[in-house]
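Undergrad: So you can see what is in the structure, the chains are spelled out below.
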Amino acid sequence: MKKKVDFSHLSSSPSPESAIITVAAGIGYALLALGPSLALFVTVISKKPFLILTVLSSTLLWLVSLIVLSGFWRPFLPLNSAASWPFAVLIITSVAFQEGLRLLFWKVYKRLEDMLDAFADRVLKPRLYPTDKMLIALAGGLGHGAAHAVFFCLSVLTPAFGPATFFTDQCPKLPFFLVSSIIALAFATIHTFSMVIAFNGYSDGNKVDQLFVPVVHLVAGMVNYFCLSS
Amino acid sequence: MESSILESIGVEIIGVMSPVSICMLLVVLIVYSLSPAADLAPPIRSAANLVYLEVPTDSTTQKLEGALLNALVFVIIIAVVTFLLLLLYYYNCTGFLKNYMRFSTFFVLGSMGGSIFLSIIQHFSIPVDSITCFVLLFNFTIVGVLSVFSSGIPIFLRQAYMVALGIFVAAWFTKLPEWTTWALLVALAVYDLVAVLAPGGPLKLLVELSQSRDEELPALIYEARPTVSADPRNQVRSMELLFGTALQSGSVEMQPISGDHIGTREGGEHNVHPELIEAQSMNSSNSEDHLQDRDEVERSPLVGGGLGRRQSSGSSGSEYSVVVGSREPPEIVVVADEERSPLVDSRRHGNANERAVRRMDDDDDDDSDSVLASSGIKLGLGDFIFYSVLVGRAAMYDLMTVYACYLAIISGLGCTLILLSVCRQALPALPISIALGVVFYFLTRLLMEPFVVGTATNLLMF
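The listed protein sequences correspond, in order, to chains G and B. Counting in the UniProt record's numbering, the first sequence runs from 1 upward without gaps. Counting in the UniProt record's numbering, the second sequence runs from 1 upward without gaps.
Heads up, a few of these hints could be off.
Only part of the chain B face toward chain G is listed, based on derived beta-carbon distances under 8 Å [to be verified]:
| id | residue |
| --- | --- |
| 1 | P199 |
| 2 | P450 |
| 3 | G454 |
Calculated directly from the structure, the hints in this document are not laboratory data. This one's a predicted model, so the numbers in the text were calculated from it and none came from an experiment. Ideal Cβ placement from N, Cα and C applies to all residues, glycine included.
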């Protein structure tokens with residue numbers, strides 16, 4: 001039994017190119033959201049098994065954070081889409097929680113770094129290079145970004161594999177899935193690289209870097225909200 | 001510039017996780033492409049369904065009781081057959097066991113694989129005639145049988161056939177009704193835990209028997225052997241050193257040395273670079289012993305295998321209700337059998353004497369092929385099957401649950417592998433992963449989905 005996604009608030013109309021909107025379109029939207037992440041994964045991350053493990057564990061962490069958030073918000077759902085300010089609160093709490101989690105991730109990463117350095121001393125290999133540290137941060141961010149893209153974009157993409165499409169209210173010429181994929185792409189980029197910036201900021205004690213990341217995240221989320229409420 | 005440690009850590013874990021991921025991915029694809037047909041089919045009666053046939057119109061308590069009863073009966077059947085297997089192995093009927101394994105591989109690949117191929121051909125309207133199909137299927141099956149237990153077949157082919165076996169069996173299991181599937185998964189996880197860790201458990205006895213005889217388990221096991229070993233330096237048992245270092249916290253422990261290894265040194269078998277050995281000998285002898293013992297993992301079976309004593313429905317189409325099952329229960333159940341075996345991490349198999357001799361002979365023989373041939377983590381086929389069943393069942397609901405369950409299972413597998421490198425004995429691979437998978441499935445379905453779908457359809461992302 002599949003769940004039914006409620007698209008009724010969008011306007012749907014038969015599209016002139018409905019004949020070619022099929023599996024190809026669906027794959028196209030998916031690649032739009034995940035393409036750069038996939039390219040990064042294949043070229044940089046898949047070469048080193050430890051980075052693959054880092055991606056998996058950071059994805060898991062993001063998933064857990066999302067579950068906690070939804071557990072917190074569950075009694076208030078479904079939100080009435082007429083009044084739009086609850087959405088603002090939703091976004092602010094979610095962003096705050098995720099940034100807090102980034103700090104936690106940083107602490108765990110410090111412990112891991114110590115373990116890895118001790119291990120390197122044991123096997124008489126050089127300690128972690130700065131590039132290695134940034135690679136680990138990149139892998140962590142990529143995990144977050146990929147998880148975001150999958151949960152927010154790919155999970156509602158299933159109807160796109162069929163013969164028709166939905167259009168958005170504000171821009172009646174753009175398919176809903178296209179907008180969703182582009183936003184997911186943007187957020188994947190934000191997540192991926194903000195981890196690198198944040199880790200650099202924490203390790204150097206650079207306040208500007210440390211503040212830059214949560215601010216960017218919050219602004220991105222709020223811009224989305226303003227688009228919705230206008 | 002020397003290569004950093006980041007190049008080599010975690011290779012073994014990825015070597016096990018990749019086939020599991022591939023198996024799960026293909027089962028999800030099969031479920032997605034073939035599921036509409038399955039819904040319309042009448043339910044088949046099999047060993048997993050013996051007691052209670054679930055019908056969507058039953059009440060919740062009825063379904064729950066029926067599912068639990070089904071699961072109980074299934075676990076009892078599996079336990080009985082495992083003991084039978086143990087008895088046969090104890091009396092050294094290994095020839096019979098191997099032939100039986102070959103026959104069951106033939107049967108699974110031929111009938112279940114065949115039916116899945118047929119459904120795919122039907123669904124996608126692939127134009128192929130029946131004679132070609134039969135010939136191709138026959139060839140496929142025979143090569144599979146050959147690759148399972150013979151030597152001289154490339155390891156990659158054997159691994160591919162193991163994954164294929166896992167896919168076919170898992171795709172069959174996903175045809176079971178929903179409540180029965182979940183009850184079955186939980187019951188099997190508990191059974192795996194008991195059978196591998198409890199003192200009288202059949203799997204524990206089986207593993208100990210095979211280790212005392214220094215033979216391989218007569219079972220269908222996936223070996224994550226390193227397929228190409230270019231650089232001996234990278235073969236150090238890095239996971240153990242990493243976690244051993246972390247746990248050690250400065251003090252030195254003396255590990256008990258097993259009888260096989262008394263008086264043996266690090267030596268070539270370990271594929272450790274010679275410089276490393278000398279450097280280690282400069283440390284205090286205690287820590288050196290410690291490292292050596294940590295590296296001498298011979299028998300840490302991470303045994304997670306569990307093959308299901310499976311359902312007896314050998315027939316392919318769902319049109320036949322399986323009278324076969326009720327007619328000859330023991331044989332058919334045993335026929336479609338694959339063995340449950342723990343996840344074995346045996347670095348070195350082979351005769352203890354041979355090994356000691358080889359070790360003392362030349363320290364430089366890092367790359368002896370027979371040694372490399374037997375190192376690596378082993379994961380039993382049943383684990384592949386039940387992980388894929390869980391993910392396949394999650395796929396019948398939604399993509400989000402698939403992703404969540406996939407992550408849960410992979411992280412459970414990772415935890416089990418880490419525990420393996422710390423505990424160094426046979427460990428069941430099912431319980432942690434299945435527990436996490438079930439928890440994440442229900443959490444995602446109940447909590448996360450309304451939240452995420454609500455925000456995503458409003459284009460509100462964060």
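Undergrad: Taking the hints in turn, state whether each one holds.
TA: Hints, one by one, checked against the model:
1. P199: With a minimum Cβ separation of about 34 Å from chain G (threshold 8 Å), the hint on P199(B) is violated.
2. P450: Because about 5 Å separates P450(B) from the closest Cβ in chain G, which is inside the 8 Å limit, the hint holds.
3. G454: holds, 6 Å
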